[in-house]
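Quick mapping for you: the protein sequence lines, in order, are chains Y and U.
Taking our numbering as reference, the numbering of the first sequence is continuous, increasing by one, and the terminal residue is 396.
Taking our numbering as reference, the numbering of the second sequence is continuous, increasing by one, and the terminal residue is 193.
These are calculated hints, taken from the structure and not from any lab test.
All values derive from a computational prediction rather than experimental measurement.
It is possible that part of the hints are untrue.
What the hints assert, rightly or not - Within a straight-line C-alpha distance of at most 30 Å, the following computed DSS-like cross-link-like pairs (lysine-lysine) qualify:
no. : chain 1 : residue 1 : chain 2 : residue 2
1   : U       : K60       : U       : K175
2   : U       : K60       : U       : K169
3   : Y       : K289      : U       : K103
4   : U       : K142      : U       : K93
5   : U       : K103      : U       : K60
6   : U       : K169      : Y       : K286
7   : U       : K157      : U       : K103
8   : Y       : K286      : U       : K93
9   : U       : K142      : U       : K102
10  : U       : K175      : U       : K157
11  : U       : K93       : U       : K175
12  : Y       : K286      : U       : K157
13  : U       : K169      : Y       : K359
14  : U       : K142      : U       : K157
15  : Y       : K289      : Y       : K359
Read off the chains here:
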Amino acid sequence: MKIDKRQRDGATILDLQGRITIGEGDVALREAVLAAVGEGATNILLNMGRVRSIDSSGVGELVAAYTTVTNRGGKLRLFSLPNRVLGVLEITQLITVLDILEDEDEAVASVA
Amino acid sequence: MPEPVQQTIRLSIGSRYENIELVKAVLDETLESLPIDEETGYWMGIALREALTNAIKHGNALDPEKKVDVCLAVGESGVDITVEDQGSGFDPGAVADPLAPDNLLKTEGRGIFYMRRFMDKIDYDFGAEGGTKVRLHKKFDASGGSAEANQGGANED
């Protein structure tokens, strides 16, 4: 899992690339979100467009990231989800909880 | 596609997460010659990951001295994957429903749900002296794909 961080219009965007699976991407995602929060980021956008796969541990980390950010009064959004990643979130009804946007422009506008 | 070659592959791995990739690679290689479409194979891979994760994390409690035994058996009508740990077992009936409103934001507890969703059948055996064996079954489809494709999208690897 490779994660690049950038800023756009006051939002912190994390570009995720690879697998969010146990022992690999799940830890990297947790550390990246906690680091961004520690640096004062309140609006965090996860670019999922290059996520190849996710398992239950990765889903758990997305939930943890969501609660971490929202409990601090911030906003966490996911955008550009591949169909397979979206499918995993749909069948566990997490699309009713997590904030999922179509693309980056929409995600940035949602926290502006 | 020709009739699948019946075969059984057995692996024994230490309780480390990186070994999940080794088993997953063997599954991918095995599926290439079977009447299972790419989409179904992808979801089988996720189910296998969940079974291995449960065995390593919850069964063997990440004890590197404890082994996880895996068997991939290709039969006439489908594939059986068994994953056996050396833990103390658990009660499948006591596993919380991840779709219950109170559980939606929990960070754990979705692995078995995904296995059930992505495979045709799963069942458990518990050894008299400990150990949990989960068997995942996927049947072939007469049309050349699997009996049930689940989701759509891009490749994992």
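Evaluation of the provided hints:
Distance check on the hinted pair: K60(U) and K175(U) sit about 19 Å apart at the alpha-carbon level, within 30 Å; holds. The hinted pair formed by K60(U) and K169(U) meets the criterion: a straight-line CA distance of about 18 Å does not exceed 30 Å. Among the hinted pairs, K289(Y) with K103(U) is inconsistent with the structure: their alpha-carbon atoms are about 39 Å apart, more than 30 Å. Restraint check for K142(U) and K93(U): satisfied, since their Cα atoms lie roughly 17 Å apart, inside the 30 Å limit.
The suggested pairing of K103(U) with K60(U) holds, with an alpha-carbon distance near 16 Å, which does not exceed 30 Å. For the hint linking K169(U) to K286(Y), the alpha-carbon distance of about 34 Å lies beyond 30 Å, and the restraint is violated. For the hint linking K157(U) to K103(U), the alpha-carbon distance of about 24 Å falls within 30 Å, and the restraint holds. Our distance criterion of 30 Å between C-alpha atoms is met by K286(Y) and K93(U), whose separation comes to about 24 Å.
The straight-line distance between the Cα atoms of K142(U) and K102(U) is roughly 28 Å, inside the 30 Å bound, and the hint therefore holds. Among the hinted pairs, K175(U) with K157(U) is consistent with the structure: their alpha-carbon atoms are about 9 Å apart, no more than 30 Å. A hinted pair counts as satisfied when its Cα atoms are at most 30 Å apart, and K93(U) with K175(U) qualifies at roughly 28 Å. Distance check on the hinted pair: K286(Y) and K157(U) sit about 35 Å apart at the alpha-carbon level, beyond 30 Å; violated.
At roughly 42 Å between alpha-carbon atoms, K169(U) and K359(Y) are farther apart than 30 Å, so this suggested pair is violated. Using a Cα cut-off of 30 Å, the hinted pair K142(U) and K157(U) holds, with the two alpha carbons roughly 25 Å apart. For the suggested pair K289(Y) and K359(Y), the alpha carbons sit about 16 Å apart, so the restraint of at most 30 Å is met.
Violation of the numbered hints given earlier is confined to hints 3, 6, 12 and 13; the remaining hints are satisfied by the structure.
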